[in-house]
Amino acid sequence: MSSELVFCIGLALLILAVAGFTIGVKEDFAAVVGFVVYGLLLSLAWMSLSSPDVALTEAAVGGGVTGALLLGACARLRTREKPAEGHRPGWINRGAALVLCAGISAGLAGVVLLLPDPAPTLAPPAREHLLATGLGNAVTAVLMAYRALDTLLEKVVLLLALVAVWSLAPDRFWGGRPAFGYRPEPGGPLIFLTRVLVPVGVVAGIYLFWVGADAPGGAFAGGAILAAMAILGFISGLSVVPAVNGFRLRFVLVAGVTVFIVAGLAGFAWASGFLAYPVGFAKPIILLIELAMIFSIGATLALLVAGPPGRSLKP
Amino acid sequence: MSVATIFGICAAILVGFGLFGLILQSQPFRKILAFNVLGSGIFLSFGVVARRGAAAGMGGDPIPQALVITGIVVAFSATALAVAILLRLFEETGGTSLQDDAPKGSKSEEADD
Amino acid sequence: MRLALDIFTIVAVSSGAFFFLAGTVGLLRFPDTLTRLHALTKADNLGLGLIMLGLLPHVAWPFVALKLVAVWVLALVASASASQLIARKVRGRRGS
Numbered sequence: 092m093s094s095e096l097v098f099c100i101g102l103a104l105l106i107l108a109v110a111g112f113t114i115g116v117k118e119d120f121a122a123v124v125g126f127v128v129y130g131l132l133l134s135l136a137w138m139s140l141s142s143p144d145v146a147l148t149e150a151a152v153g154g155g156v157t158g159a160l161l162l163g164a165c166a167r168l169r170t171r172e173k174p175a176e177g178h179r180p181g182w183i184n185r186g187a188a189l190v191l192c193a194g195i196s197a198g199l200a201g202v203v204l205l206l207p208d209p210a211p212t213l214a215p216p217a218r219e220h221l222l223a224t225g226l227g228n229a230v231t232a233v234l235m236a237y238r239a240l241d242t243l244l245e246k247v248v249l250l251l252a253l254v255a256v257w258s259l260a261p262d263r264f265w266g267g268r269p270a271f272g273y274r275p276e277p278g279g280p281l282i283f284l285t286r287v288l289v290p291v292g293v294v295a296g297i298y299l300f301w302v303g304a305d306a307p308g309g310a311f312a313g314g315a316i317l318a319a320m321a322i323l324g325f326i327s328g329l330s331v332v333p334a335v336n337g338f339r340l341r342f343v344l345v346a347g348v349t350v351f352i353v354a355g356l357a358g359f360a361w362a363s364g365f366l367a368y369p370v371g372f373a374k375p376i377i378l379l380i381e382l383a384m385i386f387s388i389g390a391t392l393a394l395l396v397a398g399p400p401g402r403s404l405k406p
Numbered sequence: 499m500s501v502a503t504i505f506g507i508c509a510a511i512l513v514g515f516g517l518f519g520l521i522l523q524s525q526p527f528r529k530i531l532a533f534n535v536l537g538s539g540i541f542l543s544f545g546v547v548a549r550r551g552a553a554a555g556m557g558g559d560p561i562p563q564a565l566v567i568t569g570i571v572v573a574f575s576a577t578a579l580a581v582a583i584l585l586r587l588f589e590e591t592g593g594t595s596l597q598d599d600a601p602k603g604s605k606s607e608e609a610d611d
Numbered sequence: 012m013r014l015a016l017d018i019f020t021i022v023a024v025s026s027g028a029f030f031f032l033a034g035t036v037g038l039l040r041f042p043d044t045l046t047r048l049h050a051l052t053k054a055d056n057l058g059l060g061l062i063m064l065g066l067l068p069h070v071a072w073p074f075v076a077l078k079l080v081a082v083w084v085l086a087l088v089a090s091a092s093a094s095q096l097i098a099r100k101v102r103g104r105r106g107s
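Here the protein sequences come in this chain order: U, V and R. Following our numbering, the numbering of the first sequence begins with 92 at its first residue and continues without gaps. Following our numbering, the numbering of the second sequence begins with 499 at its first residue and continues without gaps. Following our numbering, the numbering of the third sequence begins with 12 at its first residue and continues without gaps.
To be clear, the hints were calculated from the coordinates, so they are not data collected in a lab. Predicted model, so just to flag it, every value in this text is computed and none were measured. Every residue, glycine too, gets a C-beta built ideally from N, C-alpha and C. One should not assume that every hint holds.
Claimed, not checked - Across the chosen pairs, the derived CB separations fall in these ranges:
no., chain 1, residue 1, chain 2, residue 2, range
1, R, Ser26, U, Val287, 23 to 29 Å
2, U, Phe98, R, Asp17, 16 to 22 Å
3, R, Arg40, U, Gly337, 48 to 54 Å
4, R, Ala33, U, Ala346, 46 to 52 Å
5, U, Asp305, R, Leu14, 33 to 39 Å
6, V, Ala576, U, Leu104, 27 to 33 Å
7, R, Ile97, U, Glu95, 34 to 40 Å
What the hints assert, rightly or not - Covered by chain V, per the in silico footprint, the following chain U stretches (three or more residues, Cβ under 8 Å):
no., region
8, 99-111
9, 133-143
10, 182-196
Chain U on its own, in the form it takes in the complex (with noise of 0.2 Å):
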């Protein structure tokens, strides 16, 4: 047995131990922080099965922004009554669930370990296709110029994921700035913390998605570090949230959709269909509609985590 299988057994258990103690705990803030690590070792099995640009994906939203939402909601929630002990499921109901989930688990592993042998892929098609479109990242490739219609509609989503937040707020708010954010205390550590880290994590947000094109890297990584950057500036109290019905927010928000269907409707005219691209121009245009894209999920992501409008405009 290599050492690779065995670091990747080990791996295995951590992360199901992890996983059984953020389900299993008592305490909801414990169980917050078991997901946060989850999340980092997640992003290591990730690059244990040789996905790069997924283990940062996950690390910066699965476990970055994610984690800020939940920990920000668990002390929300702190204050609650705690629960009566009245309702806890009956063992029968109990048994039944274990039941359940040790069959889908155990369906679900037969599934994995009955997978055909060769494994079918469309790795080389995938590979022919890349010297036409001038990117080096295959995953890039597939994000951005195969399914492009696909990432398209995933930012129409979370537009909309957006507008259903917002629509939560009480009438009285509507329009006005989410209730996220602190006073900022000079001099203090989170103070510092923005200081030193924003250039930097601003900088490496637009180099992920620039270098995204050719090595692992891509605009949702590079969109969700900007997000965390512009969290970290909310929490420090150092900017303020905008007001949600703000000109400039609602443009950032969708010139990422904007570029894209103006970039697809284009399609028609130098190439042969909706999101088509013409030859030799393919990466130009790509690059473009990425940087509108990686401001937008910045803007999005953030807001998402600053949630709901709950103070008026007017102070």
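Following the hints, position chains V and R against chain U.
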């Protein structure tokens, strides 16, 4: 026994854990956490399929990887919406009960779930 | 030359791992939050730094090596700020 098989079994067990937590946890906040564990287990099984499809000089099949990247972002937006709804429910009723017979909007009533 | 670099890597990474072990033992065995934070900084600063130092001879110079150093510096900044925040919270809760 290869790397893909190990993580495939791990993904199957994670799906079981997540589903178990989703069914049995009474607090909605914990259900959201369990749902995320369930979702990431499913994504990991996609990653196993991608790893097995390594060919043409690449470490893994890029199509499932792209699907998973999309899925992670969409799962986050679903989680954000669920958390926002939960916080709104908490603001309105003072508790996070999902029972139908919860008293209407009064913080002083006992919160059962 | 290669042998010397390999020995250096093994020694550095092993001592880094030892500091991680020491930090974890401290995390589990120390009585309260402030002492546990003190143990964790050993893991973060020294442990990560030694591991990073041990990996430096094997990566392409200069860019990848500078990225490794940047990883260590960022981890230092983040853990220092987080430790300060936790310690202030604990002190605020304990004292008047």
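Hints, verified against the model:
Evaluation of the 23 to 29 Å hint for Ser26/R and Val287/U yields a pass: the beta carbon distance comes to about 28 Å. A C-beta distance of roughly 20 Å is found between Phe98/U and Asp17/R, which places it inside the suggested range of 16 to 22 Å. Between Arg40/R and Gly337/U the CB atoms are about 52 Å apart, so this pair conforms to the stated range of 48 to 54 Å. Judged by the Cβ atoms, the range 46 to 52 Å given for Ala33/R and Ala346/U holds: they are separated by roughly 50 Å.
Taking 33 to 39 Å as the suggested C-beta distance range, the pair Asp305/U and Leu14/R conforms, at roughly 35 Å. For Ala576/V paired with Leu104/U, a C-beta distance near 29 Å keeps the hint of 27 to 33 Å intact. Taking the beta carbon of each, Ile97/R and Glu95/U are about 36 Å apart, inside 34 to 40 Å as hinted. Figure legend: the region 99-111 of chain U, annotated as covered by chain V; annotation consistent (7 residues with Cβ-Cβ distances under 8 Å, at least 3 required).
Residues of the region 133-143 of chain U lying with their CB closer than 8 Å to a CB of chain V number 7, which satisfies the three-residue condition for coverage. Only when three residues or more bring their CB closer than 8 Å to a CB of chain V does the claim for the region 182-196 of chain U stand; here the count is 9, and the claim holds.
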